[in-house]
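**Student:** Each chain is listed here by its residues.
There are 2 protein chains.
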Amino acid sequence: MQNFDFYNPTRIVFGKDRLQELDQLIPKNSRVLVLYGGGSVKRFGTLDKVLAGLGNRTVFEFAGIEPNPRYETLMEAVDLVRRESVDFLLAVGGGSVMDGTKFVAAAAPFEGDEESLLEHGFAGLPVEQALPLGTVATLPATGSEMNMGAVVSHKGGKWPVMSPLLYPTFSFLDPSLTFSLPTRQVANGVVDAFVHVVEQYVTYPVNAQIQDRTAEGILKTLIEVGPVTLANPEDYDARANLVWAATSALNGYIGVGVPQDWSTHMIGHELTAMFGIDHGQSLAIILPSVWKLRKEQKREKLLQYAERVWGIVDGSEEERINQAIAQTRAFFESLGVATRLDQYGVKENQVADIVEALKAHGMTELSERGDMTPEISHQVLIDAFSE
Amino acid sequence: MQNFDFYNPTRIVFGKDRLQELDQLIPKNSRVLVLYGGGSVKRFGTLDKVLAGLGNRTVFEFAGIEPNPRYETLMEAVDLVRRESVDFLLAVGGGSVMDGTKFVAAAAPFEGDEESLLEHGFAGLPVEQALPLGTVATLPATGSEMNMGAVVSHKGGKWPVMSPLLYPTFSFLDPSLTFSLPTRQVANGVVDAFVHVVEQYVTYPVNAQIQDRTAEGILKTLIEVGPVTLANPEDYDARANLVWAATSALNGYIGVGVPQDWSTHMIGHELTAMFGIDHGQSLAIILPSVWKLRKEQKREKLLQYAERVWGIVDGSEEERINQAIAQTRAFFESLGVATRLDQYGVKENQVADIVEALKAHGMTELSERGDMTPEISHQVLIDAFSE
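Sequences listed follow chains A and B, in order. Numbering (numbering that gives the first Met the number 0) for the first sequence: 0 to 386. Numbering (numbering that gives the first Met the number 0) for the second sequence: 0 to 386.
Think of the hints as simulated: they come from the structure by calculation, not from any bench. You can trust all of the hints, since none of them are fake.
No copy labels: a pair is met if it fits in one copy or bridges any two.
Dumping the calculated SDA-like pairs for lysine to any residue here, alpha-carbon to alpha-carbon at most 25 Å:
hint	residue 1	residue 2
1	294	375
2	219	306
3	27	8
4	15	203
5	15	255
6	27	79
7	15	206
Start from the sequences and build out the full structure, keeping to the hints where you can.
**Tutor:** Next comes the structure, spelled out in structure tokens:
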């Protein structure tokens, strides 16, 4: 096991009908900005419950944070925060709203060019102050509700912002608030959580047994509850297990003391930025091809994954690995998520542009070993088309 | 899944040779009290490394916190804290030192009879202030390094103190600091961690899949690394996995949203208080008998435990459960921990006194269902003697 630090101070408030407890978790005299996306939190009544929970506090609203939240949109919220001396941010929505709110929390007190807070491509200055923020999470997927990271879209790229100051103070996870989500978003969420786990697990072994077994437990849970919750969105227990699986996939716990990959995410980000492919879809396209091209580097962990997650024990090592990759792809497809680039209208002659974008964004030494060159990413992308 | 809150702000600093980082984690002008037990932290050089890490801060020492820390001993430390205006506590040791330090943290600023902070038998007043504390954990067992609980021995009983204010600010977990532990303490630690897990897992099913699978992962890890780390104490990875397993067993993560038992602990506490039986030993004695007597109430989870942890799938339900209980007992015994009361010199005619002590301490409605009467505890204790 590698040396590690673990720190995660977010308070999770999990379960049905608890939004009235917002009142106990936000300072009484706060000037609160509630941030959300489209109209669904209004339409399904979540926003009203949130506003009721905020009691007599001075409350402002900022609507319109889009999927893959854009820097320009978020800077409008920053202006509102400054103008109205807002001192607490409350994100109500999915990963994009939570990520966007984290950026607003960091940017509002920042005295400089706010662009420079974005990592890679920009200055990536450390976040030295941030407004406190909480979340009411309405989409199980990104894990943003219990981690310190955010991704912001800007100038054709997706840029991370990370700081311990950006852990939400609290996050409300009410599975019943997610019942009304469109099937596609739930399916994407299952894939997103699944790939978060394997980016931290299918690397090379360092004898970190708790991390490995916890990761395997999350994967098995997703495989089990994914189809159930898609078929019956109002099955509370299935949805509750999906919600907690998604949070557990990226709250840091399975990632401590182990190597991490993230190449699928980095390549996937370019697909989202260039073609508007949903984040979850982009991961479902790229992961199987990364594994196919990186079999040697990931051999031991792919075999462990095959056996412990899918129960594959027969055949040669090569056969077991191939079967595990095939079952992973089949799992994504069973959720209704297509796994081939051409199914999203991308052409093989566009691959060179995708690789150029990766290079432009500094993504030239990907994977847990840092040895995944743009040439290998090119092969991955070519492999991601239908045979 | 049941509704739950999860909150655990302790920072874990895990790995080899990191004690110099103490300097960054404790405020510069602190007046620090270092609390420890017997001489082993001195003898093996841990104390020197800790003192070096504290730099120029004003440091006091309090030695002599005994196993099952006594109220009177801890009140001496409270006096020292008050006399010297100590404002940061640093526990260097195992569960007893960490637990004792938590009590000191709560008692020092308390303006009243400090006894009233103890739960059950005493007033159990809420902790409303506490000094900040950190730990350097030298024994993988209790999980105290990453939770908010403590147990204090007083007037013939073992009493809990619990408060979110008692989470350590940080805990250093350096597996190599535990290499010098006596075999018996390591074996007890494996049992303690194992039983912490099953007290939160072998109850009744509520469809909490992440919690269940994470619990199973910790149990499988303990079964795998327990014998390895006993046979070869300086195998870093094995010990590292034991250390992180023990912390993970009782940091709250597997216990959220599920029923919890703790009857084995409560009965075990009386054995420690009355006969000086080690805490880990007391659990190894009681657990198999609790399961045998509570088969019906725990049927589904015992079957799940049998299958997922031990791979027991053949035979009738009764046979599978019996085999799981037998393998659990055999596992404890393989670690060198005897599992029968008479092996510790206790006589059957003393059982009535143990049950009286349980009653005197309010332990009359034990288990996840609250239906475990003193009569059932009596049966459990009788069953705990050799056939």
